[in-house]
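**Student:** Residue strings, one per chain:
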Amino acid sequence: MESLYLLVPLSVGAVLVIGWLFWRALDGGQFDDLDRPAHDVLMDDDRPGKSADPAD
Amino acid sequence: MTRIHSFGDGAPRPQSPAAACFHCALPVAAPGRHRACVLGEEREFCCAGCEAVARTIVLGGFERYYETRESHDTGVGRAPLPGDLPPSEVYDDAEAQRQFVATPSEYTREATLILDRIRCAACLWLNEQWLRRQPGVLRADINYATQRAQIAWDLRRAKLSAIIEAVRAIGYDAYPYDPRREDQLARRENRRALWRLFVAGFGAMQVMMYAVPAYVDAGSGTLTRDVEQLMRWASLVLTLPVVLFSSQPFFAGAWQDLRARRIGLDVPIALGVAIGFAASAWATLAAQGEVYFDTVSSLVFLLLGARYMESVARRRASRKLDPLARWMPSFALRLADASDDASAVRVTAHVLKAGDRVLVPPGDRIPADGEVERGASSADESLLTGEARPVAKTAGAALVGGSVNLEQPLVMRVTRAAADTQAAAIARLVERAAAGRPRLVERADRIARSLTVVVLAAAAAAFLYWWQVEPARALWITVAVFVVTCPCALALAAPIVLTRANGMLLARGAALTRTRAIEALERTTDIVLDKTGTLTTGRYALVRMETLGTATRDDCLALARSLEAASRHPIARALAREQSTQRVRQADELRNFPGHGVEGRVGDRRLRIGSARFCGELCGSDLPGEFAACVAQQTTVYLADDAGWIAALAFEDRLRDDAQATVEAFKARGLAVHLLSGDAQAVVQALAQRLQIGHSAAGATPQEKFAYVERLQRAGRVVAMAGDGLNDAPVLAAADVSFAMAGGADAAQMQADVVLLGEGRLLAIDQSFALARGAMQVIRQNFAWALAYNVVALPLAASGWIGPWEAALGMAASSFVVVLNAMRPLLRETPALASVATPGLARSEAGR
Numbered sequence: 001m002e003s004l005y006l007l008v009p010l011s012v013g014a015v016l017v018i019g020w021l022f023w024r025a026l027d028g029g030q031f032d033d034l035d036r037p038a039h040d041v042l043m044d045d046d047r048p049g050k051s052a053d054p055a056d
Numbered sequence: 057m058t059r060i061h062s063f064g065d066g067a068p069r070p071q072s073p074a075a076a077c078f079h080c081a082l083p084v085a086a087p088g089r090h091r092a093c094v095l096g097e098e099r100e101f102c103c104a105g106c107e108a109v110a111r112t113i114v115l116g117g118f119e120r121y122y123e124t125r126e127s128h129d130t131g132v133g134r135a136p137l138p139g140d141l142p143p144s145e146v147y148d149d150a151e152a153q154r155q156f157v158a159t160p161s162e163y164t165r166e167a168t169l170i171l172d173r174i175r176c177a178a179c180l181w182l183n184e185q186w187l188r189r190q191p192g193v194l195r196a197d198i199n200y201a202t203q204r205a206q207i208a209w210d211l212r213r214a215k216l217s218a219i220i221e222a223v224r225a226i227g228y229d230a231y232p233y234d235p236r237r238e239d240q241l242a243r244r245e246n247r248r249a250l251w252r253l254f255v256a257g258f259g260a261m262q263v264m265m266y267a268v269p270a271y272v273d274a275g276s277g278t279l280t281r282d283v284e285q286l287m288r289w290a291s292l293v294l295t296l297p298v299v300l301f302s303s304q305p306f307f308a309g310a311w312q313d314l315r316a317r318r319i320g321l322d323v324p325i326a327l328g329v330a331i332g333f334a335a336s337a338w339a340t341l342a343a344q345g346e347v348y349f350d351t352v353s354s355l356v357f358l359l360l361g362a363r364y365m366e367s368v369a370r371r372r373a374s375r376k377l378d379p380l381a382r383w384m385p386s387f388a389l390r391l392a393d394a395s396d397d398a399s400a401v402r403v404t405a406h407v408l409k410a411g412d413r414v415l416v417p418p419g420d421r422i423p424a425d426g427e428v429e430r431g432a433s434s435a436d437e438s439l440l441t442g443e444a445r446p447v448a449k450t451a452g453a454a455l456v457g458g459s460v461n462l463e464q465p466l467v468m469r470v471t472r473a474a475a476d477t478q479a480a481a482i483a484r485l486v487e488r489a490a491a492g493r494p495r496l497v498e499r500a501d502r503i504a505r506s507l508t509v510v511v512l513a514a515a516a517a518a519f520l521y522w523w524q525v526e527p528a529r530a531l532w533i534t535v536a537v538f539v540v541t542c543p544c545a546l547a548l549a550a551p552i553v554l555t556r557a558n559g560m561l562l563a564r565g566a567a568l569t570r571t572r573a574i575e576a577l578e579r580t581t582d583i584v585l586d587k588t589g590t591l592t593t594g595r596y597a598l599v600r601m602e603t604l605g606t607a608t609r610d611d612c613l614a615l616a617r618s619l620e621a622a623s624r625h626p627i628a629r630a631l632a633r634e635q636s637t638q639r640v641r642q643a644d645e646l647r648n649f650p651g652h653g654v655e656g657r658v659g660d661r662r663l664r665i666g667s668a669r670f671c672g673e674l675c676g677s678d679l680p681g682e683f684a685a686c687v688a689q690q691t692t693v694y695l696a697d698d699a700g701w702i703a704a705l706a707f708e709d710r711l712r713d714d715a716q717a718t719v720e721a722f723k724a725r726g727l728a729v730h731l732l733s734g735d736a737q738a739v740v741q742a743l744a745q746r747l748q749i750g751h752s753a754a755g756a757t758p759q760e761k762f763a764y765v766e767r768l769q770r771a772g773r774v775v776a777m778a779g780d781g782l783n784d785a786p787v788l789a790a791a792d793v794s795f796a797m798a799g800g801a802d803a804a805q806m807q808a809d810v811v812l813l814g815e816g817r818l819l820a821i822d823q824s825f826a827l828a829r830g831a832m833q834v835i836r837q838n839f840a841w842a843l844a845y846n847v848v849a850l851p852l853a854a855s856g857w858i859g860p861w862e863a864a865l866g867m868a869a870s871s872f873v874v875v876l877n878a879m880r881p882l883l884r885e886t887p888a889l890a891s892v893a894t895p896g897l898a899r900s901e902a903g904r
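From first to last, the protein sequence lines stand for chains D and F. FYI, the numbering for the first sequence is 1 to 56, going by this note's numbering. FYI, the numbering for the second sequence is 57 to 904, going by this note's numbering.
Hints in this document: simulated from the structure, not taken from any laboratory. Treat each hint with caution, since some may be false.
To be verified - Counterexamples of contact, computed for chain F against chain D with all Cβ distances above 12 Å:
no., residue
1, GLY88
2, CYS93
3, LEU279
4, SER291
As the list claims (entries may be wrong) - Partial pick of chain F residues on the chain D-facing surface, computed with a CB cut under 8 Å:
no., residue
5, ARG247
6, TRP251
7, ALA290
8, LEU292
9, VAL293
10, LEU294
11, PHE519
Claimed, not checked - Residues from chain D shown here face chain F by an in silico Cβ test under 8 Å; the list is partial:
no., residue
12, LEU6
13, PHE31
14, ASP32
15, ASP33
16, ARG36
17, VAL41
18, LEU42
Quantities reported herein were computed from a predicted structural model and do not represent experimental measurements. By construction, the Cβ of each residue, glycine as well, lies at the ideal position given by its N, Cα and C atoms.
All chains should be built: construct the whole structure from the sequences, respecting the hints.
**Tutor:** If you want it as structure tokens, here you go:
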């Protein structure tokens with residue numbers, strides 16, 4: 001039970017740190033376009049031997 | 057009765073032909089005519105536009121767009137041919153560019169473009185890659201959420217018009233975005249809302265973690281007093297920002313309500329949060345009683361989450377209306393010489409300065425504040441003033457930018473350049489959708505309000521009673537009453553369904569501009585269809601011409617074109633496309649008789665172009681027999697002067713591809729279908745017969761159409777009207793619910809409850825009926841559930857049977873049920889529609 005005296009304040013600290021991290025990400029614009037990352041994975045042209053540019 | 061529902065997989069499908077256009081999924085009328093090789097196979101296309109687009113995409117090396125796209129068909133329709141779109145050169149104008157182009161260095165220019173005709177993420181990918189490949193383009197980034205493109209180009213190697221043309225070449229459209237539309241503000245708001253939500257969510261999670269041991273332990277005594285106190289303090293610290301920061305919108309809303317001396321839904325929420333937190337804080341400080349930090353923070357989190365989702369959906373909806381901006385006058389016809397209408401030059405409305413003279417054709421929006429210099433007409437200022445009656449405008453009268461010229465062309469002098477009028481009008485359109493709510497929802501709001509009063513009274517009564525009986529429990533029972541009856545289920549019941557219905561409609565190519573319409577949509581018994589531009593594409597072509605006497609074909613064409621020069625009627629556009637060698641002279645004293653025709657003077661001849669009745673009034677004789685061939689089958693207009701008849705011009709208008717299927721779907725739905733048109737009896741009859749429409753009326757003037765709809769309404773019918781022309785505006789306003797085509801006249805669009813986007817797919821009308829029925833059913837279920845829950849929970853909490861945490865659980869569960877119910881499918885797609893909508897899916901499944 002004694003460990004709780006350390007763990008509970010630690011968890012409060014952890015919440016504050018995570019909150020700060022999230023705020024940084026938010027302010028940096030990471031959440032402005034939530035639709036794109038999901039599609040980027042699919043649109044990424046990674047098929048071998050196929051170039052997106054026929055000019056070369 | 058349900059013919060359209062009955063197509064089994066093996067049965068023939070008359071409505072989904074063997075070949076659908078590979079690009080836009082519309083049926084292919086002439087197989088074999090437009091073909092191209094895509095993804096290793098020969099594909100059929102419906103038209104030259106789609107074929108050209110597909111070839112461009114394949115040549116550019118972006119074939120896999122066709123593999124990754126999610127659907128072909130969301131009401132965007134066939135790819136436009138170059139001539140269908142307004143010229144892009146105006147965007148190169150240096151004066152116009154000052155409004156939306158940034159200049160980061162000497163030769164670099166930057167702008168934001170709105171992309172139109174976007175269907176899915178694959179379209180965005182294609183556009184981005186394509187833009188990056190254009191010569192002179194330095195940078196192109198598309199935000200997938202807002203669907204706007206940020207581009208930078210080198211002035212020496214590229215022009216903005218060339219970039220826009222490149223986008224058009226692959227079947228989309230782009231136009232500059234006016235940054236003054238408070239994009240920045242919206243982004244800041246979005247970030248703040250997310251931050252609020254996150255603080256509440258993380259606070260709620262963590263506080264719940266501290267609360268669970270206390271719940272589990274309840275009474276067994278494993279948890280020492282000190283540890284419990286420690287957890288309470290930790291909860292207090294984490295709930296503090298939730299109450300002080302995240303709950304701000306509720307407190308602000310409650311404060312506004314109270315200042316306006318009314319009780320809104322925010323009041324009990326704010327009271328519950330404040331009392332719950334204050335009581336828990338006191339319990340923590342005094343080290344006795346119960347704490348409900350978890351209840352408070354999860355309550356705030358759930359409510360904020362619902363509000364955030366609603367605002368995201370609303371932003372999405374308003375974004376879909378962006379493309380409508382193109383049809384509103386970002387352009388104006390500026391006159392170089394005030395006495396000569398032919399000197400009109402199309403310019404962007406931004407560049408108008410005080411003192412400029414502008415020609416405003418009927419049906420167009422007045423581009424800036426000013427006064428009438430020449431002409432007499434009336435203007436619809438209802439969007440700005442709320443006054444529905446048209447205001448008469450004669451020389452010298454003041455014109456308000458953003459209002460609509462209704463009857464005849466006006467020449468105005470600009471007194472104040474007002475570039476924002478258009479933005480303001482669009483914003484108003486979107487706001488109106490949010491502001492007007494269905495009567496059922498309004499009734500629910502009233503119920504929620506009285507319920508709030510009941511709750512406040514019950515809470516006060518419970519407090520007083522328990523204060524006498526058992527003072528220690530009084531406060532907590534009061535809190536429990538507040539929490540358990542938190543009207544958020546009631547508050548969520550309708551908006552979440554409406555938002556969803558709105559989003560689903562948008563995905564099917566229809567924008568709801570008045571949410572109120574959903575209720576009328578559900579009750580609709582009759583649908584009245586306009587012919588021109590609604591059942592047909594509205595794009596006429598001159599197919600036959602008979603002339604009398606010495607007049608040559610070219611002379612008559614020139615006369616007709618000068619009369620129709622200022623008109624936006626489809627006939628006028630067809631005339632403008634017609635080749636003629638004669639110089640088109642300027643017509644004076646142009647007067648537009650909506651539904652009849654146009655009168656004007658060319659040289660010293662007084663001329664009329666329009667219906668036979670209208671022209672006959674001028675020349676005073678009956679139709680000559682020579683015109684018989686024109687009169688017989690097609691839409692015909694006549695040209696006459698006061699001496700006699702001059703010519704008959706026959707036009708033909710192509711039927712929309714889904715007209716037949718739509719009429720059948722209406723019938724399957726049990727709706728009575730009516731056809732109303734200003735065209736000749738023979739034409740209307742033939743069409744009614746072909747589409748098997750039971751009721752039709754030909755030669756109807758706007759007044760007659762209005763009376764027709766009113767007659768139906770007096771007989772107790774609920775009437776939906778679909779139209780597009782200027783003369784439909786009054787009927788659209790009179791109908792219980794109205795649909796307008798995106799390409800139609802501005803006035804029609806502004807009156808309409810639903811605007812069909814893009815090329816205008818008629819089936820979207822039928823789908824909105826289905827969707828409205830589904831949505832209203834779900835809303836009713838939600839209301840019934842929310843009310844029943846409150847009726848049961850309130851006495852239980854007031855009598856002390858429910859503790860605050862059970863209350864919170866009950867509240868959350870009731871909201872959850874409402875949200876879950878709203879997420880059910882609102883629309884059952886008929887098999888025929890589904891097969892048209894997802895050929896891509898069928899193909900990829902077959903390939904596996």
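**Student:** Run every hint past the structure and note whether it holds.
**Tutor:** These are the hints, each one checked on the structure:
No Cβ of chain D comes within 12 Å of the Cβ of GLY88(F); the nearest lies about 27 Å off, and the non-interface call holds. The Cβ of CYS93(F) sits about 14 Å from the closest Cβ of chain D, beyond the 12 Å cut-off, so the non-interface label holds. Separation of LEU279(F) from chain D is inadequate, the least Cβ-Cβ distance of about 8 Å not exceeding the 12 Å criterion. A Cβ of chain D approaches the Cβ of SER291(F) within 12 Å, the least distance being about 9 Å, so the stated non-interface status is violated.
Annotation: interface hint on ARG247(F) holds; nearest CB of chain D at approximately 6 Å, less than 8 Å. The restraint placing TRP251(F) at the interface with chain D holds, with a minimum CB-CB distance near 6 Å, inside the 8 Å limit. For ALA290(F), the suggested interface contact is upheld, since its CB lies about 5 Å from the closest CB of chain D, less than 8 Å. With a least beta-carbon distance of about 10 Å to chain D, the hint placing LEU292(F) at the interface is violated under the 8 Å criterion.
A least Cβ separation of about 6 Å between VAL293(F) and chain D falls short of the 8 Å threshold, and the interface hint therefore holds. Interface restraint check: LEU294(F) against chain D, minimum CB-CB distance 6 Å, threshold 8 Å, status holds. Among the interface hints, the one on PHE519(F) is violated; its C-beta lies about 33 Å from the nearest C-beta in chain D, farther than the 8 Å criterion. The beta carbon of LEU6(D) is not positioned within 8 Å of any beta carbon in chain F (closest approach about 10 Å), and the interface hint is therefore violated.
Restraint check, PHE31(D) versus chain F: the minimum CB separation of about 6 Å is within 8 Å; hint holds. A hinted interface residue such as ASP32(D) counts as satisfied when its beta carbon comes closer than 8 Å to some beta carbon of chain F; here the least separation is about 6 Å, so the hint holds. Checking ASP33(D) against chain F: minimum C-beta separation of about 5 Å stays under 8 Å; hint holds. At its closest, the beta carbon of ARG36(D) sits 4 Å from a beta carbon of chain F; the interface hint therefore holds under the 8 Å criterion.
The interface hint given for VAL41(D) is broken, as the beta carbon of that residue sits about 11 Å from the closest beta carbon of chain F, more than 8 Å. The beta carbon of LEU42(D) comes within 6 Å of a beta carbon in chain F, closer than 8 Å, and the hint placing it at the interface holds.
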